[in-house]
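*Asks:* Sequence:
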Amino acid sequence: MDTPTPLYVCLLLFIHVSLLASTVAQSDIYIVHMDLSAMPKAFSGHHMSWFGAILSSISDSSRATTASTTTTTSTSSNLIYTYSNVINGFSARLSPSELKGLKNSPGFISSIRDVSVKVHTTHTSQFLGLNSNSGAWPVSNYGKDIIIGLVDTGIWPENESFKDDGMTEIPSRWKGECINGTKFDSSMCNKKLIGARFYNKGLIANIPNVTISMNSTRDTQGHGTHTSSTAAGNYVDGASFFGYARGTARGMAPRAHVAMYKALWEDGHYTSDIIAAIDQAILDGVDVMSLSFGLDEIPLYEDPIAIATFAAMEKGIFITSSAGNDGPYFGTLHNGTPWLLTVAAGTIDREFKGIVTLGNGVSIKGASLYVGNSSLGQVPLVFMNTCESVKDLKEVGYKIVVCRDTNESISNQIYNVMSARLAGGVFISNTSVLKLFVRKSFPAVIMNLQDGRAILDYIKKSSDPKASLEFQKTLLGTKPAPNVAIYSSRGPSQSCPSVLKPDLMAPGSFVLASWSLTSPVVEVGSHRLYSNFNLISGTSMACPHAAGVAALLKGAHPEWSPAAIRSAMMTTADSLDNTFNPIIEFVDNYEPASPLAMGAGHINPNKALDPGLIYDANAQDYIRLLCAMNYTMKQIQMITRSPSYNCSSPSLDLNYPSFIAFFNDNKSSPDAKVVQEFQRTVTNVGNGMSIYTAKVTPMDGIQVKVVPDKLVFGQKYEKQSYKLSLEGPRLIKEAVVHGSLSWIDVDGKHVVRSPVVATSLSSKPISGQN
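Read in order, the letters of the sequence shown correspond to residues 1 to 770 in this note's numbering.
For the record, the hints were derived by calculation from the structure and aren't laboratory data.
Just to be clear, a hint being listed does not mean it is correct.
To be verified - PhoX-like mimics (lysine-lysine), calculated; alpha carbons at most 20 Å apart, straight line:
id : residue 1 : residue 2
1  : Lys673    : Lys716
2  : Lys365    : Lys201
3  : Lys764    : Lys667
4  : Lys118    : Lys163
5  : Lys353    : Lys473
6  : Lys673    : Lys705
To be verified - Ranges between beta-carbon positions, derived for each pair:
id : residue 1 : residue 2 : range
7  : Asn104    : Asn141    : 52 to 60 Å
8  : Asp237    : Tyr717    : 39 to 47 Å
9  : Tyr415    : Gly243    : 23 to 31 Å
10 : Ser561    : Gly243    : 39 to 47 Å
11 : Asn581    : Ser463    : 50 to 58 Å
12 : Gly238    : Thr386    : 23 to 31 Å
13 : Gly525    : Asn360    : 29 to 37 Å
14 : Glu734    : Asn630    : 24 to 32 Å
15 : Ser97     : Ser186    : 27 to 35 Å
16 : Glu734    : Tyr415    : 34 to 42 Å
17 : Gln703    : Arg453    : 28 to 36 Å
18 : Ser363    : Arg113    : 57 to 65 Å
19 : Asn385    : Asn581    : 51 to 59 Å
Where a beta carbon is used, it is the ideal one built from N, C-alpha and C, also for glycine.
The task is simple: from the sequences and hints, build the whole structure.
*Replies:* Set out below in structure tokens:
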């Protein structure tokens, strides 16, 4: 036989390597659910070994024999995580043929592709009514001994919000650790920051060539530092954002302990890492969990966050989640899972101002977050209408230019004026674009149309118009507040439409909280500025407010279940703003906010401390809901982790403190009527005997009845049930009609309010792959 030539050998090697690269390129990361009851007795008590044996049995021979040429080809490196608490299973890199082999393996339930999630304060505690004299703070001892776990981007441990002055000892039940890593060691933890772990195996498996410069729990993005200090930051005097929002910073539960689980990285936020973090948080012993991220709505059985948090709920852990930042339109909600508290974002009664003083002495306030010099002396003032051309603006010279929002986007105008490097800018618009000044800051003020006219009249009448600018002004007590933030995602939930979401609203706009010193907070000209505190907005900021309040309630009422805490927060939420009018939202115009925007209303910690009645629920109640959603046995088992669930009484009518009814049948006569009924059970958590009567707010075109309309309780913890019915046309004309049901005790001390929604929007849950 002829000896192969070197060229022939090289060609064979090239073909082999190409085939290998193709196999690796076609592989993907999967989260795999297994049935432990199918585990062979030889592996009893060692499910990790069983998972490894399964992977070995299905491994592509080409991948197994070439482990030296790639970092993800051997069985051991294929396995990324094993999970014990949130699911029975593991995550691994699998080729199509391996996935096919796995599906034929005994005990296989399902596989879900690993995906990346979306990452969705000095005065906010005062705005929520928290104070040292009465209410939730003193009654709960400021969250003493409660442990809040956050899955986020990490934490900046040196920030003063995480000092342990005034903190009590770490609870003896705590099993967590502070893991060493890049620029982070266990000595940085204390009685405030009691846990620090990080998870990035999923990130590395999904992006094999990723460079992780900070391989530790240290935060390089700021998001996790911000959320954790919002939930449970210690007291920090003199906190501000370059002079704005100056005051004493503190979290909602300033004496609660913090545990950070870093699973969100600059290069990606993968669910395999996130559920590993939640898995460990359950084992460590957190009491409350805050999750400021989410996925686009998918079926509950395909949602790793929904699945992981079901296990946490079963362990008595209260979980808050952000509603998402894709508002203001219906059906944009994230985290519509029924066992989570889904939190929308609202504004507070604080505004940041700049002052324009005209040459005639008239001063007019407008919105501004400029962080440079606090004032700009009298300089010429010129009107440029739309400010569309940077070239034209550069010819203006050192002047303050006035722009009016017409056809050109206000954000484009701001960018043009910044690029032209003028003395300053005044922008006349009703559009809320203050957030644009947080990252790029220059001397500018945004005026509403009415105040803008006064400036334009002055320019028109003056032969030499001039103006000066002052900045770093903070106004408190502004009205009306709160409003629903325009960016806050709206319901209904696409994953579980029968449960009204979001649940409630919390402060989310321009929240001041701690920040990472490696992440710049603003740019002034070509200079990047850094700060210990930052003002940012999003439902990510609203979520930890609710987590902190939940910690206060858990501290005051350790016997309450997660559902009881959620109920107390929802039924006592404020539906009126600080002008005693309905909270408003802006979509096409300002109007009373729908529960699909704000849930039950704006969170009120002090009222939640004593709700009177609560709507309780346990794991079996959620299982009854899943059974009624026409899920298969395997799909339910993916969530419950057990085949022994009880589906004998399925019902979409979860014992929830809100109601949503769908009148969307367009196939029947529009005059035909339909009645939708709900049954609820409430528990008296007040002291002793009490009597409650029902009060219903009218709903256009919908007749609402409550039977019975009086509930009598003889003692604490007694339960009573009632039925609510909504009668209306099979297809209502409006997208949403809303009202409320309130149970009011005879003394007027307790008002237990639930939002009621009738809608013509879709009631069909989103479908999935499994």
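*Asks:* Confirm or reject each hint.
*Replies:* Outcome of the hint check:
no., hint, verdict
1, Lys673 / Lys716, "violated, 40 Å"
2, Lys365 / Lys201, "violated, 51 Å"
3, Lys764 / Lys667, "holds, 15 Å"
4, Lys118 / Lys163, "violated, 30 Å"
5, Lys353 / Lys473, "holds, 5 Å"
6, Lys673 / Lys705, "holds, 15 Å"
7, Asn104 / Asn141: 52 to 60 Å, "holds, 56 Å"
8, Asp237 / Tyr717: 39 to 47 Å, "holds, 43 Å"
9, Tyr415 / Gly243: 23 to 31 Å, "holds, 25 Å"
10, Ser561 / Gly243: 39 to 47 Å, "holds, 44 Å"
11, Asn581 / Ser463: 50 to 58 Å, "violated, 45 Å"
12, Gly238 / Thr386: 23 to 31 Å, "violated, 42 Å"
13, Gly525 / Asn360: 29 to 37 Å, "holds, 31 Å"
14, Glu734 / Asn630: 24 to 32 Å, "holds, 28 Å"
15, Ser97 / Ser186: 27 to 35 Å, "violated, 44 Å"
16, Glu734 / Tyr415: 34 to 42 Å, "holds, 39 Å"
17, Gln703 / Arg453: 28 to 36 Å, "violated, 48 Å"
18, Ser363 / Arg113: 57 to 65 Å, "holds, 58 Å"
19, Asn385 / Asn581: 51 to 59 Å, "violated, 36 Å"
Consistency with the previously given hints fails for numbers 1, 2, 4, 11, 12, 15, 17, 19, ordered from lowest to highest.
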